[in-house]
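Can you build the whole structure from these sequences, using the hints too?
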Amino acid sequence: MAMLGHEGERDPVDTRLALKLYEEYKTFFKNAERTRRWNVFDDIPWDKIRKDVPEELALVVETFCAVEAYLPDYVSGGLALVRPYMGSLWFQTNWGYEESKHALSLQEFLLQSGARTDEQMVDLQNKLWAGQRWTPLFQTGRQMTIYGAIQEQATFVFYVRQRERAKELGHETLATIFDFIARDEVAHAHFYEGVVKVLLEQDREGTLRDIATVTRDFKMPAYDLVPDYDERVLVMRELAGMDRDMFFQKVYFPVLKAIGIGRNDVVQAMARQRREAQPSAE
Amino acid sequence: MADTSNLLALFREVVEEVDKKKLPDVTEKSVIADLGIDSLSTMQIIGELENRLDIMIPDDQLVKLETVGDLLAVVERCAAKKG
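Residue numbers (my numbering), protein chains in the order written: chain A, 1 to 282; chain B, 1001 to 1083.
Note that these hints are calculated values from the structure, not bench results. Note that the structure is a prediction, hence the values are computed from the model and not measured. One thing to keep in mind: the hints can contain errors.
Under the rule of at most 27 Å between Cα atoms (straight-line distance), these lysine-lysine pairs were calculated in the DSS-like manner [as the list claims (entries may be wrong)]:
| hint | chain 1 | residue 1 | chain 2 | residue 2 |
| --- | --- | --- | --- | --- |
| 1 | A | Lys26 | A | Lys257 |
| 2 | A | Lys250 | B | Lys1064 |
| 3 | B | Lys1064 | A | Lys257 |
Next comes the structure, spelled out in C-alpha cells:
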C-alpha cells in the first residue's frame, strides 16, 4: 500500500489516507484563500523603501533568496515523493506558488533598495545553478512531510525574528515582507503537522521511527549548495538571536506538541533504532 | 538514588550507551559541548535519564544546560519532586 511514496507510486493508494490528506489540503487552501492571500505588488509599501540597508541585513535577504532559488527542485522533488496522494500533491503545487512570491518579494527588495544590482543577482543565480541540483534530504514522502513540519516552523521563527530586527532598524518595507512570509510559513507548518498526525494514526510506530530519523539527520535546505552557507547562517543566527536552545524551545518542541507526541516518544524511537543497529550477540 | 555522585555515574553510563563515548574524567564542571556531546545527543541522554529514574523533566527546563552539573541539577530537582 502506497504511504506517501513510502513503497513506490505504483502501489495502490490507501483510500482512507487519501481522503484525510484531501481534507487537510482543503482546510489549508480554504484558510489561505480567506485569510492569508497577499499581493507582491499591491500589499507591500514599496514607496517607503529605504536605500540605507545595512550589509548584514542585505546578506540575510540575499541568503533567503539563494535558498529559494532551488524552488523548482524542491517542488519537483516533493511532487515525486507524494505522487499518489492528491491532497499532498496539490499542497505541494500551492506551496510552490507561495514560495515563489517570497523569492520575488525578497529579490525586489534587494533591487529596489539598491542593496544589490541586477548584475549581482544574475551572478548569484549563475553560481547557484552551476550544475547543482537539490535532492531531497530524506527518501520517503512521510519523512519529507515530517521534515517539512520542522523546517517550516524553523523558517517561521526565523522570519519573525528578522521582522523584529527590520522594524528596529526602521525598514518598514522589509518588515512587511517578512511578516507576510512568516504567516505563510507557519500555515505550511500547520499543514504538515496535520498530515503527520494522520500518519501517526495510520502507523504510529513507523511514523515515530521516521520522526527519530528526521530529528537525527535534520539540516536546513540547500545547506550544501548555497555559496558561503556557513558564514551566512552564522550572521543570520546572530542577528536573529537563534541558537540551539531556541531551536528546541521555539521550533522542535512546539512541533512535537502540535502533532501530539512528547520528547520521550522520539527518544524511545531513537533508542529502538540504536538497538536495531547493534550487531546481534549471537 | 538521585544524589550527585550517583547521578554522575549514571550520566557516564548513559552517555556511553547513547553516544558511544567513555568519559572517565567527567565532572560536574565539565562543559557538555566540550565533551563532544551535541544538543541532539543531550536530548537523548536526558530522555534516557528520565526513563531510568522514572521522572519527566518539563521541556522549558531544558535550556541553558551548559555544564554536566547544570544538567544533573535539573534531573536532581525533578527526582526530588517525585520523592
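The hints, checked one at a time:
Under the criterion of a C-alpha separation no larger than 27 Å, the hint pairing A:Lys26 with A:Lys257 is consistent with the structure, at around 23 Å. Annotation: proposed proximity of A:Lys250 to B:Lys1064 holds, straight-line Cα distance about 14 Å (limit 27 Å). A threshold of 27 Å between alpha carbons decides the hint, and for B:Lys1064 with A:Lys257 the separation of about 21 Å falls inside it, so the pair holds.
Comparing the model with each numbered hint stated earlier shows that all of them hold.
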